[in-house]
Structures are given as C-alpha cells and as structure tokens.
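Visitor: This is what each chain is made of:
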Amino acid sequence: MSLEVTDLTVDIGGRRVVDGVSFDVPDGARVGLIGESGSGKSLTALAILGLLPDGAEAGGSVRWDGRELIGMPDRELATLRGDEIGIVFQEPRTALNPIRTVGRQIAESVRIHEGLSRAAARERAVAEASRVALPDPERIVARYPHQLSGGQRQRAAIAMALACRPRLLIADEPTTALDVTIQSEILELLLSLVEDGGMSLVFITHDLAVLSQIATDGVVLEDGRVVERAPVSTLLTAPASTVTQGLLRDATATLWRPGGLR
Amino acid sequence: MTGSTRASASPARKAPGRRRFEWLRRLWALSTGRFGLIVVAVVVLSALIARFWTPFDPRQVEISDRWALPGLPHLLGTDGSGRDILSLLMAGSRTTVIVAVGAGVIATVLGVALAALGALTARWMRESVAVFVDILIAFPVLIIAMMISAVWGGSLAVVIWSVGIGFGVNIARVTRPELRRVLHSDFVLAGRASGLSPLHNLWRHLLPNVAPVFIVQLSWGMAVAVLAEAGLSYLGFGAPVTEPSWGLLLAELQQYITVYPLSVLWPGLAITFTVLGLNLLGDALREATDPTLSRGRDPLHPPRGAIRHVPEVVA
Numbered sequence: 000m001s002l003e004v005t006d007l008t009v010d011i012g013g014r015r016v017v018d019g020v021s022f023d024v025p026d027g028a029r030v031g032l033i034g035e036s037g038s039g040k041s042l043t044a045l046a047i048l049g050l051l052p053d054g055a056e057a058g059g060s061v062r063w064d065g066r067e068l069i070g071m072p073d074r075e076l077a078t079l080r081g082d083e084i085g086i087v088f089q090e091p092r093t094a095l096n097p098i099r100t101v102g103r104q105i106a107e108s109v110r111i112h113e114g115l116s117r118a119a120a121r122e123r124a125v126a127e128a129s130r131v132a133l134p135d136p137e138r139i140v141a142r143y144p145h146q147l148s149g150g151q152r153q154r155a156a157i158a159m160a161l162a163c164r165p166r167l168l169i170a171d172e173p174t175t176a177l178d179v180t181i182q183s184e185i186l187e188l189l190l191s192l193v194e195d196g197g198m199s200l201v202f203i204t205h206d207l208a209v210l211s212q213i214a215t216d217g218v219v220l221e222d223g224r225v226v227e228r229a230p231v232s233t234l235l236t237a238p239a240s241t242v243t244q245g246l247l248r249d250a251t252a253t254l255w256r257p258g259g260l261r
Numbered sequence: 000m001t002g003s004t005r006a007s008a009s010p011a012r013k014a015p016g017r018r019r020f021e022w023l024r025r026l027w028a029l030s031t032g033r034f035g036l037i038v039v040a041v042v043v044l045s046a047l048i049a050r051f052w053t054p055f056d057p058r059q060v061e062i063s064d065r066w067a068l069p070g071l072p073h074l075l076g077t078d079g080s081g082r083d084i085l086s087l088l089m090a091g092s093r094t095t096v097i098v099a100v101g102a103g104v105i106a107t108v109l110g111v112a113l114a115a116l117g118a119l120t121a122r123w124m125r126e127s128v129a130v131f132v133d134i135l136i137a138f139p140v141l142i143i144a145m146m147i148s149a150v151w152g153g154s155l156a157v158v159i160w161s162v163g164i165g166f167g168v169n170i171a172r173v174t175r176p177e178l179r180r181v182l183h184s185d186f187v188l189a190g191r192a193s194g195l196s197p198l199h200n201l202w203r204h205l206l207p208n209v210a211p212v213f214i215v216q217l218s219w220g221m222a223v224a225v226l227a228e229a230g231l232s233y234l235g236f237g238a239p240v241t242e243p244s245w246g247l248l249l250a251e252l253q254q255y256i257t258v259y260p261l262s263v264l265w266p267g268l269a270i271t272f273t274v275l276g277l278n279l280l281g282d283a284l285r286e287a288t289d290p291t292l293s294r295g296r297d298p299l300h301p302p303r304g305a306i307r308h309v310p311e312v313v314a
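Line by line, the protein sequences are chains A and B. At position 48 of the first sequence the residue is numbered 47 (numbering that gives the first Met the number 0), and the sequence of numbers has no breaks. At position 163 of the second sequence the residue is numbered 162 (numbering that gives the first Met the number 0), and the sequence of numbers has no breaks.
Just chain B, with the same shape it has in the complex (with noise of 0.2 angstroms):
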C-alpha cells in the first residue's frame, strides 16, 4: 500500500542524480563503451591489487619452473628463469597505469592552458602560442624520448614528460580552433548577456562544448602513452630493468619467439588490449556524452538525421 506512494515520490526526487550519471548509462549501453571500460578497470584492478598481492613474487627466480606451459599452478606459465609471467604483468600493468595517467593530466594540463591562452587572448599573444605550438608539434615525442634517455639514462619520468608534453601540443593544436570556433557562437554572447564572468563562461559553455575533440585527442594520447612505455622500455630506453614492464617483459621474451611462443602472446595481448580499450573508450564517451547524439528515447524528438516515428494519436 505504502509502495504505490513511494514510488511516486522517488523518481522525481532522484531525477537530478540519475540524469548526472546518465551518461555513464549510455556509455555501457554503448559495446565499444563497454569494451573500454572493462579493460581499463582490469588493468586498474590488478596494478591496484599487485601493490599487495601477486599469485607469486614476480622477482622469484625458479630454475626448475622454467618455461611452464600455461596451467596450475602457474595460469600463464613461466619465463625463462621460472618467474610467473601473470605475476610480471600484473605487476607490469602498475607501470603502465602511472605512465598512461601521469602522461593524460600533463597533457590535459599543458593542451588546455595553451589552447586558452591561444584561443581567449589579445591578438599578438593568440598568434605567437599558434606559433610556438605549430614549431612543438613538428618534434615527434618518442624520437625526443630516446634522445632524453640516451643522454641522460632511461627513466619513467622521461617517458611521462615527454609523451605529456608532446601530446599536450598536439591537445592545444586541435582545441585551441575549436575553441575560437565556440567563441564566437551566439550562446557564448549569451552567455555575457546574462552576467557570466569570462571565466564562468570559459567553464560553463566553451569547455564543454570543446570536450568531445579533447577526451578523443586525450584517449588517443595515453594509448601512445602506454605504447611509448612499452616500446622505449622494449629498446632499453624507458623502465630500468629492475622495474616490471610490458615492453621489457615484452622484449625478454620476444626472443624465444619461436621456441616458446605461447609465453610471448600475453605481454603482446596486454599492451594490444589496453591500447585498443583506451582509443574506443575515448571514442564511447564523446558519443555518449554529447547529448545531440543521444538515441531518441523520445520518438517525438529523435536525434538529428533519425526518421521520426510519430505514435498514431488516438483521442
């Protein structure tokens, strides 16, 4: 009886709640949305979970292990001194998560400050950051990553750094014309018209309205982020050969390739699958955040370019 009340009262007190988290709804709905997110929360589990626990310690050398097939005890099997291959990458993935995240916030950082200052500034200082950015962009990062690393050794710091900042340029290059673009749209005048302070509408409308290019551009540059690891550290660039790594477990077993193939499969699989998660989970949230790209739930609104399916009215 109290039911019937209660349900009358909920939707509409929790309807600003869910519609913040819709997105998030049609993100799932979305399989390469799904996609993405299942893979990046694994590789977030199990660098989360190898700080405590790993299935075996992935520095424990076991001579008479070696080369294990996959199975029990050992569920990807062995290296070739006997050390758990599922232990190394999950171990592994903590390398990745720091590289991939540290790289996205100093990109994010970098590309939106240069894309403001280019964008929202007075003329003279507006052409020289497109300039300045225009001269960045013609470096390629991991050229500039082996060349810090050679000189000054491998680290993951340089790896972070480089790839932040060469991915920040590139964040800057796309959104800074898209943010002139928004600029000089009408509900931006709007916007003033009402009172905004040039920062509230920096924050209200022309960041949002920018978002879409920047989480693409941002997905884009950690899955670099993630390769540039594996592969510096795969040349002897990146992680020293204490730290766990993709590229260096990568790199180590590449070269029993056509003896053990089985054992190089899974840090390939590794890098492949989180690459691949990371781009289609930019891909996801672009359209699923964008709410002129939402599927009609309304059939009297359908998105753009939908063929209207209007309800006979019966009276």
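Okay, chain A solo, but in the shape it has when bound (with noise of 0.2 angstroms):
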C-alpha cells in the first residue's frame, strides 16, 4: 500500500499555506519532510488524514491503496486513522488525555478497530506498552500521564499510534520537545519498530542530522512548496538549495554542540 500525495493545496482563511505538495511514499520507504517552522509540513501531516483545524481546506489529490482522502467523507476516513495510517504528534505532555490511564488510551485505537472487550483491551495494552520498551509495562497501563515521565510518555503515545499495526506511521517532529539522550532513544525506537513491521514512515522534522537517522528520502518545504526531493545522503552531501544548505549548516552545528548527536 502506497501513499501518493499529488498537488496538495491547504488554505487558512484565503492563503494558502500549502502549495502543491507532491511526494510519493512506496511500500515500506521511509520519507522524511523537512524544513524551517512555518514550512507547512505539519498541516500537509494532518492533510493527510483529514485532521485539519477548523477552517482550513485542503485541496489537490492524497492517494492511499488506491483510494482518494480528499474529499473522503469523516465518518469513512475514521476507518483508516489508527487501523491502517497511525500518527505521533510533538508533543507527549499534551498528547494524553490527563485524566484516563495509560493503558486505555494505549487500547483505544484497538477497542474501535478490532472491538475488543475491556479486559481483551487491557491485555493488548501490556502487550503494546512493552512492545515499546515501556518499565513495567503491567503496572504502568494503571497508572496516569502525568505520573510519567516525557520520554515515557512519548513511547506511550508511539504504542497508542501502533497499536493496530498500522501500515504507514506519521511522526510529526515525535522528539523534538525531548532530551537529546531520550531523543536517539526514542528515534532508535521508531526505526526498530518500522522496520520489524514493514511499515511505511513519514517523518517530519526541522532538523537534518536527526533525519539522516531514520529516513531514506528527503523532501525539503520553504513556505508551502517542494524546494528539493533528493535521497538524504544526497541533502547532506550535495544539497541542491539554499533552504537545505542552511539546514545542513544548522545540523552540523548540532554535532558539535556538547552532548549533541551521537
């Protein structure tokens, strides 16, 4: 199942802050898409799986296993978010709900899709949560997000996102808002389980040295359009535009930064 996004237009109130975006991801490739904030790789994310905020209109052509999102009625694109397309958002203090424990938010995604009972639910997410390496995963499921820690919560939130094993994972930036240990950690993670499941990944981040990590391919966005679509070694090695040079200028500044990438 290939994802192939053609032409992709978002529009916010009369400007377009997504200008045709077009990219494909092949079975099992893992593409990443890059650039400064404000470059509409978020929005082009929640384009994708028709989450966008009120207001804002998508457009162009989003072809997943042959079928057409856009335009997809809600109801029939519910079917496919979490079964067959999963997301991570950035931000693992917020992206629980602080008041249901671990493990049903972990089983939620699996208590729709596959209607499991309660307690066939509770035992998928001990199973799920030590899938993503989770400390104790039998006790952590009772317990609540802010009784975790950010790294903790963010491998929740992955196992939330895969839990119906999914073939094409969206990381919308999962580790920017954590340390640059947790960060490789959580990268390593992701790489792992992507690979084992032979799931497509879409990555999106700002930063270049933590792409080079994970993705096979590139796509580098300046305000809504495509600037470059080059294999990452190819955007480290010979970058094409000047958005991708100073994002390589940034990365390399990671590097040396103490404690920076390993």
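Among the hints, erroneous ones may be present.
Unchecked claim - What the simulated footprint calls covered on chain B by chain A, stretch by stretch (three residues with Cβ under 8 angstroms from a Cβ of chain A suffice, anywhere in the stretch; the number is not a length):
| id | region |
| --- | --- |
| 1 | 185 to 196 |
| 2 | 202 to 214 |
Stated by the list, open to error - Only part of the chain A face toward chain B is listed, based on derived beta-carbon distances under 10 angstroms:
| id | residue |
| --- | --- |
| 3 | Leu45 |
| 4 | Gly70 |
| 5 | Arg74 |
| 6 | Ile84 |
| 7 | Phe88 |
| 8 | Thr100 |
| 9 | Tyr143 |
| 10 | Ile169 |
Claimed, not checked - Sample of chain B residues lacking proximity to chain A, with all beta carbon distances greater than 10 angstroms (derived):
| id | residue |
| --- | --- |
| 11 | Leu47 |
| 12 | Leu135 |
| 13 | Trp219 |
The set of hints was computed from the structure by calculation and includes no laboratory data. No residue lacks a Cβ here, since even glycine has one placed at the ideal position from N, Cα and C.
The two chains are supplied separately, each in an independent frame; assemble them into the complex guided by the hints.
Guide: If you want it as structure tokens, here you go:
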C-alpha cells in the first residue's frame, strides 16, 4: 500500500499555506518532510488524515492504496485512522488525556477497530506497552500520564499510534520536545518498530541530523512549496537549494554542541 | 495454607473493580466529602422513610400538646398546633429532594446540550448559542420564579423548572469555554487520529475533562434549588400550604421566634446543613475524581507541586 500525495494545497482564511506539495511514499519507504517552522510540514501531515483544524481547506489529491482521501467523508476516514495510518504528535505532555489511564489510551484504537472487550483490551495494552519498551508494563498501564516522564509519555503515544499495526506511520516531530539522549532512544525505537513491522514512515522534522538517522528520502519544504526532493545522502553531501544548505549548517552546529548528536 | 494462594490471586482479579470505585474511597477520605455525603444521605434517607413512616402523622393536630419542648415523645418538640416537628421535617425533606433532583436533572440536560451546541457546531450556531445564553443569564432565577408563580399560582413544578433552566444556562455558560479549550488540546486530536467518532470523542475525552467544572456548578445549582424552594415557599409562592415543606414550616414558626426560639431552629438548621452539604460535596467530588490531584500514594510520583520524598535506595 503506498501513499501518493499530488499537488496538495491547504488554505486557511484565503491564504495558501501549503501550495502544491507532491511526494510518494512507496510501501516500506521512509520519507522525511523537512523545513523550517511554518513551512507547512505539519499541515501536510494533518491534511493526509483529514485532521485539519476548523477553517482550513485541503485541495489536490492524496491517494492511499488507490483510494482518494481528500474529500472522503469523515466517517469513512475514521475507519482508516489508527487502523491503517497512525500518527505521533510532537508534544507528549499534551498528546495524552490527563484523566484516563495510559493503558486505556493505548488500547483505544484497538477497541474501536478490532472491537475488543475491556479485559482483552487491557491485556493488549500491556503487550503494546512492553513492545515500546515501557518499564514494568503491567503497572504502567494503570498509571495516569502525569505520573510518567516525557520519554515514557512519547513511548506511550507511539504505542497508541501503532496498537492496530497500521501500514503507515506519520511522525510529526516526535523527538523535538525531548532531551537529546531520549531523542536518540526514541529514534532507535521508531526505526526498529517501523523496520520490524514492514511499515512505511513519513517523518516530519526541522533537523537534518535527525532526519539522516531515520529516513532514506527527504522532501524539503519552504513556505508551503517543495524546493528539493532527494535521497537523504544527497541532501547531506550535495544540497541543491539554499534552504537545504541552511538546514545542513544548523545540523552541523548540532554535531559540535557538547552532548549533541551521537 | 490455601489462604496465601487466595491472597495472591485476589488482588489481580479485583483490581479493575476496585479502581472504578477508588474515587469513592478518596471522597470519603476528604473531610468535606465525608460531611457532604453524610448530609445528603441523611436527607435522602429521611425522604425515603417519610414515604412509609414518620414518628407521628405530620398533619395531625394535637392542641393539648402545643409548643412542646424537645424531648419524648416529640424528639424535636411540636409547633403551635401540636404537630410533631421531626415528622414535619421528614415529610418536608421529600419536597426538598424532589426539587433538588428535578432541578439538577433539568440543569444537566439543558446545560450540557447548550454547551455542546455552543462549542462543537458550526461557527454561526456556536455564536448564536453564546448570545442566547448571555441573554438568558441576565434574568435572575428567583425573580422569574416569583413572577410565574404570582401569575399562574405557586407549585413545585414552577420552582423546579425555573431553577433548572436558570442553572442549566449557568452551567452552559461556564462549561462552553472549557469544552472549547479541551477541544483544541492535542489528545482530542490524537483521539480522532485513533479513529474515534466525534460522539465517542465527546464521551471519552471532552466531557470527562470538563466534568470538574460541571460538577461544582451542578452541586451549587442543586443547593440553590433547595434554597429557592424554601425561599419561595416561605414567601408563599412555592409549595402549596397543604404540601409539607421546610420553607413553609420556617415561615409559620418564625412568627413565634421570640416566644419559642427553639422550634424555629430545626427547619433553619435543616436548610442550612443541606445547602452546605451539597456545596461541600460538589467541591470534594471535583477533588476526588481528578487523578492529577490525587494524594501521592506513590512516593516517587507525588502529585504536581508536592515535595518529592525519594526513598533511599539500598541494594
């Protein structure tokens, strides 16, 4: 199953914030969307799943497994979300409901899509929690989000997105809000889960160094337009656009920062 | 011998059920919650019992026993026509419960419906609901209830509907912005991304997160309903004189406050305690059902703002 984004546009209040973005994610590919903040990366991700905020309008074409997602009724899209396409957000502090236990949230999509009973869903939550290497999964599923550390919360969010074994994972800056050491742990976890599950990945970041660790191809965005599309190795060694060159300079700076990239 | 195996097996099996009623245990642990629970339980119980049994017939007039002091057989004494005050209070508590529950149900349904309409629908709908609520809120509940009963005659239904609608609007006004706030939080988006339908999302993520605000408003509304019934009946606009009511009783007895001050005490105390109990119960419920406010039973993960007591790790 592959994702084909063709000429995607997003308008907010008459302003075009994503302007003709096109890229393909073949089955099993790991594609990075990279750009400065405000370049339209996150809106592109939300538009794919039909999760744009009120007042934002998507146009163009997003084909998933041959089906057109733009203009698909929400009820139908909901059957894909979490089941075939999962998404992880940037901020683990707010991505979990503060008054529901971690386990119930991990098992949420399973209960919807596979119709498991409460008890079976609990078992499943424990299994999913141990899959993302949460410590002491039996007990942690009964905890509330505020009782978890930032890295643990992001692991729980990943477990939530992957509980139904989707074919495609969209990760929207999943490491930006985390400490550097935890960043690399989460990256390794994501990489191993995606490879083991044979999933495709769309990874969104502003950090070329992070991108080089996880993606094979990169799509560089600026002001809602694609400025460069190339394998990550090319982006690193022979950046064609000034945007990519700038991103590369920032990434090199990270390399030299004490305790930076490992 | 079998005791140890049973002990090790039962906690795992009982865990989910115990967690579901965990909030009740926490409620009881709070002194305000305990007080509120006891008061509400006493009022509800006496209302139930009064349907079948009261120490004396609350309507029975006994001229020879006028203004009896508290004691036996009249535990709280009698009024000016020799009726047993305890029996009158018990019979009156039925009216109180009916009014509080009735107004509470109406306020809940109306408040949640208006808040949901005002927070989750299309923009023009949201804004007209907000304006509508703002207009309704300008009318004082008690004045309206008095006007209605002055024109069409007093009845309990008037009290219930006017307080219910008045506080439903109040609940909507406070809950609507909360719903908007929660609606824009990431976990609602994450819920949609997991494939939750809008209705499921409302039920699982939105309403539970606005419940604390809602509960406090509701308990306040029910307390005001009790006060309103007593107040309107006291003024002669509420319960018809044939119906036993704390407000009516207070109105009758307070004329003799200088002569028999002790008899006035009882209905006054009943009203005060019920209103106080409802308020404290609402406040305690909010605290007991919010997991982020729970007392840190786990020393490594205390509630927010608490001082961490990290136990020494000894190998």
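Visitor: Hints first: check each against the structure and report whether it holds.
Guide: Do the hints match the structure? See the list:
By the rule of at least three residues with a Cβ nearer than 8 angstroms to a Cβ of chain A, the coverage given for the region 185 to 196 of chain B holds, with 11 such residues. Check on the region 202 to 214 of chain B: 4 of its residues sit with their Cβ under 8 angstroms from a Cβ of chain A, so the three-residue criterion for coverage holds. The closest approach between the C-beta of Leu45 of chain A and any C-beta of chain B is roughly 8 angstroms, which is under the 10 angstroms cut-off, so the hint is satisfied. At its closest, the beta carbon of Gly70 of chain A sits 17 angstroms from a beta carbon of chain B; the interface hint therefore is violated under the 10 angstroms criterion.
Interface hint status for Arg74 of chain A: upheld, as the beta-carbon distance to the closest one in chain B is roughly 7 angstroms, under 10 angstroms. For the restraint placing Ile84 of chain A at the interface with chain B, the shortest Cβ-Cβ distance is roughly 8 angstroms, inside the 10 angstroms limit, so the hint holds. Among the interface hints, the one on Phe88 of chain A holds; its C-beta lies about 6 angstroms from the nearest C-beta in chain B, closer than the 10 angstroms criterion. About 8 angstroms separates the beta-carbon of Thr100 of chain A from the nearest beta-carbon of chain B, less than 10 angstroms, and the hint is met.
Look at Tyr143 of chain A: its Cβ gets to within about 5 angstroms of chain B, closer than 10 angstroms, so that hint holds up. Annotation: Ile169 of chain A was flagged as interfacial toward chain B, and the flag holds, the nearest CB pair being 9 angstroms apart, inside 10 angstroms. Every beta carbon of chain A lies more than 10 angstroms from that of Leu47 of chain B, the smallest distance being close to 33 angstroms; the non-interface claim holds. With a closest Cβ-Cβ approach of about 26 angstroms to chain A, Leu135 of chain B is found to remain outside the 10 angstroms limit, as its non-interface label requires.
For Trp219 of chain B, the requirement that its beta carbon stay farther than 10 angstroms from each beta carbon of chain A is met, with the minimum near 22 angstroms.
The structure does not agree with numbered hint 4 stated previously, though it agrees with all others.
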